[in-house]
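Using the sequences and the hints, build the whole thing.
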Amino acid sequence: MTDEPTAMAPEDLEEIARVATREALVDYEDKFPKETEHLTIGQFEDGDAMVFELYIAGETSEDAQVITQTFVNKFTGDVRVDV
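Here this note's numbering is used: the first residue of the sequence shown is 954, the next is one more, and so on.
These are computed hints drawn from the structure, not numbers from a lab. Not one of these hints is a red herring.
Taking CB as the label site, the calculated pair distances span:
{"#": "1", "residue 1": "Val979", "residue 2": "Glu957", "range": "36 to 44 Å"}
{"#": "2", "residue 1": "Ala960", "residue 2": "Gly995", "range": "17 to 25 Å"}
{"#": "3", "residue 1": "Ser1014", "residue 2": "Phe985", "range": "16 to 24 Å"}
{"#": "4", "residue 1": "Phe1028", "residue 2": "Ile994", "range": "19 to 27 Å"}
{"#": "5", "residue 1": "Phe1028", "residue 2": "Glu990", "range": "34 to 42 Å"}
{"#": "6", "residue 1": "Thr1013", "residue 2": "Asp956", "range": "43 to 51 Å"}
{"#": "7", "residue 1": "Val1036", "residue 2": "Pro963", "range": "18 to 26 Å"}
{"#": "8", "residue 1": "Ala960", "residue 2": "Ile1009", "range": "24 to 32 Å"}
{"#": "9", "residue 1": "Val1036", "residue 2": "Glu957", "range": "29 to 37 Å"}
{"#": "10", "residue 1": "Gln1018", "residue 2": "Glu957", "range": "33 to 41 Å"}
{"#": "11", "residue 1": "Arg971", "residue 2": "His991", "range": "17 to 25 Å"}
{"#": "12", "residue 1": "Ala960", "residue 2": "Thr989", "range": "27 to 35 Å"}
{"#": "13", "residue 1": "Glu1012", "residue 2": "Glu957", "range": "40 to 48 Å"}
{"#": "14", "residue 1": "Thr959", "residue 2": "Asp980", "range": "32 to 40 Å"}
Computed from a prediction, not measured in an experiment: that's the story for all the values here. Beta carbons are placed, not taken as given, at the ideal position from N, Cα and C, and that holds for glycine.
The following block contains the structure:
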């Protein structure tokens, strides 16, 4: 009988994503709009990963501008940030 791997807690995945995203965006800070009222964070599952998106909301979902996608493996904590 094989033990199923245990997924990390959602708050731990979110913290891994937050730190990795912040580090990835250090060189891009001057490109962000000064006002961040439309800056939004979304998340969804994609296989073994929890994906966190940082985006600027638009009038419709099609108008949203995705800034980053951060993929965190739910079992290992491995992380990748696409800017």
